[in-house]
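A.B. asks: Once you've looked at the hints, dock chain R against the given chain B.
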Amino acid sequence: MIELGIEEKTYTLNLGPQHPSTHGVLRVLLEMEGEFITKAEPVIGYGHRAHEHMAENRNYHQFLPNMGRVDYLHALAFNQGYCMAVEKLIGLTVPERGEFIRVITSELNRISSHLLWLGAYLLDLGAFTPILYCFDDRENILDLLDRITGSRLTYCFYRFGGVPQDLDDEFITGTRAFIKRLRKRFKDYDNLVTKNIIFIKRTRDVGVFTREQAIRYGLTGPTLRGSGIAYDIRRSEPYSAYPLFNFEIPTGQRGDVMDRYLVRVREMEQSLRIIEQALDKLPEGPIMAEKVPKRIKPAEGEVFQAVETARGEFGCYIVSAGDIKPYRIKLRVPSFGNLSILPEVAVDTLVADLVAILGSFDVVVPEIDR
Amino acid sequence: MLMSKIQEALSPLGLEQVAPGDYAKTGYHLEVKASPEQMPEVARAMLGVDCFLESLTALDLRESFTLVYHFANFWELCRTVVYASLAKDAAAPTISHVYPGADWYEREVYDLFGIKFAGHPNLKRLLLPEDADFHPLLKDFGATEAKAND
Numbered sequence: 001m002i003e004l005g006i007e008e009k010t011y012t013l014n015l016g017p018q019h020p021s022t023h024g025v026l027r028v029l030l031e032m033e034g035e036f037i038t039k040a041e042p043v044i045g046y047g048h049r050a051h052e053h054m055a056e057n058r059n060y061h062q063f064l065p066n067m068g069r070v071d072y073l074h075a076l077a078f079n080q081g082y083c084m085a086v087e088k089l090i091g092l093t094v095p096e097r098g099e100f101i102r103v104i105t106s107e108l109n110r111i112s113s114h115l116l117w118l119g120a121y122l123l124d125l126g127a128f129t130p131i132l133y134c135f136d137d138r139e140n141i142l143d144l145l146d147r148i149t150g151s152r153l154t155y156c157f158y159r160f161g162g163v164p165q166d167l168d169d170e171f172i173t174g175t176r177a178f179i180k181r182l183r184k185r186f187k188d189y190d191n192l193v194t195k196n197i198i199f200i201k202r203t204r205d206v207g208v209f210t211r212e213q214a215i216r217y218g219l220t221g222p223t224l225r226g227s228g229i230a231y232d233i234r235r236s237e238p239y240s241a242y243p244l245f246n247f248e249i250p251t252g253q254r255g256d257v258m259d260r261y262l263v264r265v266r267e268m269e270q271s272l273r274i275i276e277q278a279l280d281k282l283p284e285g286p287i288m289a290e291k292v293p294k295r296i297k298p299a300e301g302e303v304f305q306a307v308e309t310a311r312g313e314f315g316c317y318i319v320s321a322g323d324i325k326p327y328r329i330k331l332r333v334p335s336f337g338n339l340s341i342l343p344e345v346a347v348d349t350l351v352a353d354l355v356a357i358l359g360s361f362d363v364v365v366p367e368i369d370r
Numbered sequence: 371m372l373m374s375k376i377q378e379a380l381s382p383l384g385l386e387q388v389a390p391g392d393y394a395k396t397g398y399h400l401e402v403k404a405s406p407e408q409m410p411e412v413a414r415a416m417l418g419v420d421c422f423l424e425s426l427t428a429l430d431l432r433e434s435f436t437l438v439y440h441f442a443n444f445w446e447l448c449r450t451v452v453y454a455s456l457a458k459d460a461a462a463p464t465i466s467h468v469y470p471g472a473d474w475y476e477r478e479v480y481d482l483f484g485i486k487f488a489g490h491p492n493l494k495r496l497l498l499p500e501d502a503d504f505h506p507l508l509k510d511f512g513a514t515e516a517k518a519n520d
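From first to last, the protein sequence lines are chains B and R.
In terms of our numbering, the first sequence has 291 at position 291, counting the first letter as 1, and numbering is strictly consecutive.
In terms of our numbering, the second sequence has 514 at position 144, counting the first letter as 1, and numbering is strictly consecutive.
FYI, nobody ran anything at the bench for these hints, they're computed from the structure.
Even for Gly, the Cβ is constructed at its ideal location relative to N, Cα and C.
Treat the hints with care, as some may be off.
Unchecked claim - Here are the simulated distance ranges between beta carbons: (1) B/Thr10 <-> R/Pro491: 17 to 23 angstroms; (2) B/Thr194 <-> R/Ser381: 46 to 52 angstroms; (3) B/Arg204 <-> R/Gln377: 40 to 46 angstroms; (4) R/Phe511 <-> B/Glu248: 46 to 52 angstroms; (5) B/Thr12 <-> R/Gln377: 46 to 52 angstroms; (6) R/Gln377 <-> B/Gly285: 40 to 46 angstroms; (7) R/Ser405 <-> B/Lys180: 57 to 63 angstroms; (8) B/Thr12 <-> R/Arg495: 37 to 43 angstroms.
Isolated chain B, as found in the complex (with noise of 0.2 angstroms):
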């Protein structure tokens, strides 16, 4: 006889790995009673590629390409924060010239990172049009830095003690041109987006995450900024040339998923005022540490960077067995904490609020699983 299960009260859905409102290959296990979420394990380890294991074998230079594949969306930062973490290591300083290419570059390459997700999460909740906007707009970015980093996504651009190749005119031009109509753009994104009442009724007291829950989980990056708590690695643990700059941390009020969307958003105009006064500071001088040594070995010891990155806080920790190759490296990454929250927002809510709550993280899936 077939069991049919009928007097059961709750039922497995697979939700991915293949799903496109996952972002790569993440898995979600729910339970489901009726159309309510009960219960939510997040299965993730499909893009595991030991980039920690990886790191124990190379040398240091030969581990800096790796950076670029870990957060595919915010390369720069993630290249920052490693060379940042060797620097340190060996203690090279970087110019002042090339702390602020690395602002800028970093900056233009979070500005790309949140316009993906832009278009991506209305895309998820439905809204067909913005994703054709924002890649428009992040073409434009793309090019600008394919032109100084010669890639176009996985980027390995920052060297230790500096940045191999200096800003020309037609960068310098391109991107004060690409800032004047993204701030247009803005403008037609808010009349798109944030006044559709649609969107608001989607997003609005959806996945509400309290103080108490962010210091519990560990959440970082403008997840947790919606959530009214202003910590940004640029402000709190100022590096490169960041206190240089006037901006603001923007935050939220109530800690949902309408929240998280405006503080993205608003992010992006502080990272155009953040380019627009590094392009206008920017210093002369060079842009490579003189004495940069061929063959990196630093001594015995260890050291954590922290770094922002357009989802939250990327920590590098380093030990050095006084080896040439590092004894171990830990990538603590954004979304890895950020996501682990989603077990407990998860119950009680409907597939689709899952769906809006799971892309109001912004993550990137290969990033979780290094």
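C.D. replies: Just chain R now, with coordinates in the frame of chain B:
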């Protein structure tokens, strides 16, 4: 100041070391040494001063393991690192009941190092396939070594 608050919260626990760190060199304001058995108490004390668990990982020192916990704070810059030395065949108590965010970190450490966390509600592999029979970050894990150029 947060640093003295943390020192105050940790002092009744009788830890091996609570000392200021060299922030410019390592990125730590406070370096703490504890035994794994003391970790739930340390975690409770850190939660009491509103710190969050930044990262949790392990080091394979061949003769023993060291568990490395990083704590930071949203409102004031103060990074605390806690080292807990663990014998090779021993299990460490979980802190996932204090910091639910530690749940995944402990599963990752179990997955990559084979360290068991006693009292963890769901200790199974996280990143590697469920049927994997190895722990790749152990130093004697026999993977082919890529050639590091000298």
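A.B. asks: I want to verify a distance hint. Is the separation of the beta carbons of B/Thr12 and R/Arg495 within 37 to 43 angstroms?
C.D. replies: 20 angstroms, violated
A.B. asks: Does the hinted range 40 to 46 angstroms hold for R/Gln377 and B/Gly285 at CB?
C.D. replies: 42 angstroms, holds
A.B. asks: Do B/Thr194 and R/Ser381 keep their Cβ atoms within the hinted range of 46 to 52 angstroms?
C.D. replies: 50 angstroms, holds
A.B. asks: Range first: 46 to 52 angstroms. Now tell me if the beta carbons of B/Thr12 and R/Gln377 are that far apart.
C.D. replies: 48 angstroms, holds
A.B. asks: At the C-beta level, are B/Thr10 and R/Pro491 separated by a distance inside 17 to 23 angstroms?
C.D. replies: 19 angstroms, holds
A.B. asks: Evaluate the given range 40 to 46 angstroms for the C-beta pair formed by B/Arg204 and R/Gln377.
C.D. replies: 43 angstroms, holds
A.B. asks: Just tell me: holds or violated, for the beta carbon distance of R/Ser405 and B/Lys180 against 57 to 63 angstroms?
C.D. replies: This hint holds: roughly 60 angstroms between Cβ atoms.
A.B. asks: Determine whether the Cβ-Cβ distance between R/Phe511 and B/Glu248 falls within the hinted range of 46 to 52 angstroms.
C.D. replies: Since the Cβ atoms of R/Phe511 and B/Glu248 sit about 47 angstroms apart, the hinted range of 46 to 52 angstroms holds.
This entry does not satisfy hint 8, going by the numbered hints stated previously; all others are met.
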